[in-house]
Amino acid sequence: MSAPIPETTQAVAVPTAPPSRMDGLRRFVTKPTGALSLAVLLLFVLTGLFGPLFVDRPGGLGTDILQAPSASHWFGTDDLGQDVLAQVVWGTRVSLTVGAAASGLAIVIGTALGLFGAYSRRADAWITTVTDLMLSLPLLPLMIIVTAIAGPSIATLTVVIGLFSWPEVTRLIRSNGMVVVAMPYIDGARALGAGGWRIVTREVLPAVVPLVVVSVLLTAARAVISEAGLSFLGLGDPDSWSWGRIMLNAQRSGVLSTAWWQTLFPSLAILLLVLAATVAGVRFNDTRDPRLKDR
Amino acid sequence: MVVFTVRRALRAVLTIWIAVTVTFFLLRLLPGDPTLLVVEGDMTPEMQQALRVQYGLDKPMLTQYWLYLTELVQGNLGTSFRQLQPVTDIIVARLPWTLMLAGSAFVLTILLGIPLGVYAAAHRGRRLDRIVQMFGITGHALFVPSIAILLLVVAGSWMGWFPIGGAIDPDTRGLAAYLSLFHHLALPLFSLVIVQLGPYALTLRTNMLEVLGEDYIKSARGRGLSSRRTLWKHALRNAILPALTLMGLQLGTLVGGAVLTETVFAYPGVGRLIFEAVGQLDYPLLQGAFIMLAITVVVANLITDVVSMLLNPRIRT
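Top line first, the protein sequences correspond to chains Y and R.
Reading the first sequence from the start, the letters are residues 0 to 294 in numbering that gives the first Met the number 0.
Reading the second sequence from the start, the letters are residues 0 to 316 in numbering that gives the first Met the number 0.
Heads up, some of the hints might be wrong.
[As the list claims (entries may be wrong)] From chain Y, some residues computed to sit far from chain R (all C-beta separations above 12 Å): (1) Gly61; (2) Leu79; (3) Thr96; (4) Val107; (5) Val180.
[Said to hold, decoys possible] FRET-style restraints, in silico, Cβ to Cβ: (6) Y:Gly103 x R:Ser225: 52 to 58 Å; (7) Y:Gly103 x R:Phe24: 23 to 29 Å; (8) R:Pro241 x Y:Pro183: 28 to 34 Å; (9) R:Ala265 x Y:Asp238: 23 to 29 Å; (10) Y:Trp73 x R:Met60: 52 to 58 Å; (11) Y:Ser174 x R:Thr20: 24 to 30 Å; (12) R:Met133 x Y:Ala188: 40 to 46 Å; (13) Y:Thr257 x R:Pro169: 22 to 28 Å; (14) R:Gln73 x Y:Arg120: 36 to 42 Å.
[Said to hold, decoys possible] Where chain Y lies over chain R, by a calculated footprint (3+ residues, C-beta under 8 Å): (15) 127-141; (16) 288-301.
Read the hints as simulated data drawn from the structure, not as lab findings.
On a predicted model such as this, the values are computed, not experimentally measured, just so you know.
Quick reminder that beta carbons are idealized off the backbone N, C-alpha and C, glycines included.
Sequences and hints are given; from them, build the entire structure.
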């Protein structure tokens, strides 16, 4: 249940359609879910990049307190009279930054360890043990203490989430790397005198790159959820907006049941972004599998 | 069988030891003087030094580590900075609530997930199967506080079906107290189950599809057994063990979810305690809470493993 990849690749009957000549990206986009998820991701990136140019940074005290959504405040206002739409727009930037950066960190660590484990049998025993161990611990409470002590900031959140998100990447890359390492062309490379480093970086790594792309999307999706969770528990950067913080504010000021707009809109933002990243990852994984080409 | 149990138990101890060690060094290597967190306002260097001695922070790190480990083995997790009580006492008072919440979520997810997964696999392409597939992907995108707040607002505040906070009505006695307990448990429990169920049922569906392709299923069908009997007797039997193991692997996530739901519903478990400790920067309490939760998860995993083994006739002797 960690990553929804095996489910989608295995559970499908093989259609006997003639092979199409469409390239990967077009195949990806022609499925409505693929195109839609990309469009949603793009929308969020544009909002994160340019939204703050059009919307004032929320702050201070406003006169319209706890207003329901209206023409002047599309997402309503909170108990300080701040515009929730502005908070969500500014929060987009943080969610995307932390999601992307933490995912990048986790991917680098996870891929390196996964490849290393797949290639070297001696290292593998250690890497598997540590990976299983990390996966069996309650990671959210662990992230909570480390963030609390290191002092909440965007950098802390990124590093902490990245450092605790690599095990699932390692597991995925390792299991697929094992298949690649057992292939005859690796023996061929070895027979030609290639060293371990060269084999791993030049022969095995390219073979697992598509899977790395999938991992980037799925890990980023999980990182966004983790960031929202930590911010919701009060561990977000105190100087910047975040979707989790908007919801925490609603909880703290005791307006959960009255000001539904203050939690609904950040919730929808989280759901849409994470869902889009997950679906894009799963779709990408399916398109790269030739058996599923023309589904 | 005994060998298996002993090996698993040793691994559990090793896991806990590593968790303790990693947090110990992580917290001490991070910047920030914990004595500054104890008392706000002005503190003379002498007072700081006295505090360091009191908490053993003046000793070399390895000595501190050894002291921490020996105290931990005796059940002492240190003293809370804010509540000035032993961390162990504070957590032990809260732990049963979290155990009840996470435990019920564990059981309920399995009880709902197995029939859903089996049904979806047996009726591929039907409406329920498509719902399971969709819910299986969407489940990864659900944010626990969002679901919890949605339930709180709709089923708690607007409809008034369930209480929106706390764990029990203190004025109730006897049977009424139990009813009140379940009544308060419902919404936090549903929040966790909703988030867990989709991906769980989808994975079970995949496992079940594999089982349904096995020869012994075909031979059962060939002998003229009804497909319902084949499915629920023969195939399910082989799918239940992975189902249990799979849920065991989710325990860590489940506990993380419990921290978030408890926060929303002001449920008096360890999760809510963590939320409060974060606000007060009470870091011995945070560390203790993590260690206790880690121990809980590891022990629960051990129990899951041993139960799976007892249920598995291939290992049982």
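Each hint tested on the structure:
| no. | hint | result |
| --- | --- | --- |
| 1 | Gly61 | holds (23 Å) |
| 2 | Leu79 | holds (19 Å) |
| 3 | Thr96 | holds (18 Å) |
| 4 | Val107 | holds (20 Å) |
| 5 | Val180 | holds (25 Å) |
| 6 | Y:Gly103 x R:Ser225: 52 to 58 Å | holds (54 Å) |
| 7 | Y:Gly103 x R:Phe24: 23 to 29 Å | holds (25 Å) |
| 8 | R:Pro241 x Y:Pro183: 28 to 34 Å | holds (33 Å) |
| 9 | R:Ala265 x Y:Asp238: 23 to 29 Å | holds (28 Å) |
| 10 | Y:Trp73 x R:Met60: 52 to 58 Å | holds (54 Å) |
| 11 | Y:Ser174 x R:Thr20: 24 to 30 Å | holds (28 Å) |
| 12 | R:Met133 x Y:Ala188: 40 to 46 Å | holds (43 Å) |
| 13 | Y:Thr257 x R:Pro169: 22 to 28 Å | holds (26 Å) |
| 14 | R:Gln73 x Y:Arg120: 36 to 42 Å | holds (41 Å) |
| 15 | 127-141 | holds (count 6) |
| 16 | 288-301 | holds (count 7) |
Figure legend: structure checked against the earlier numbered hints; every hint is met.
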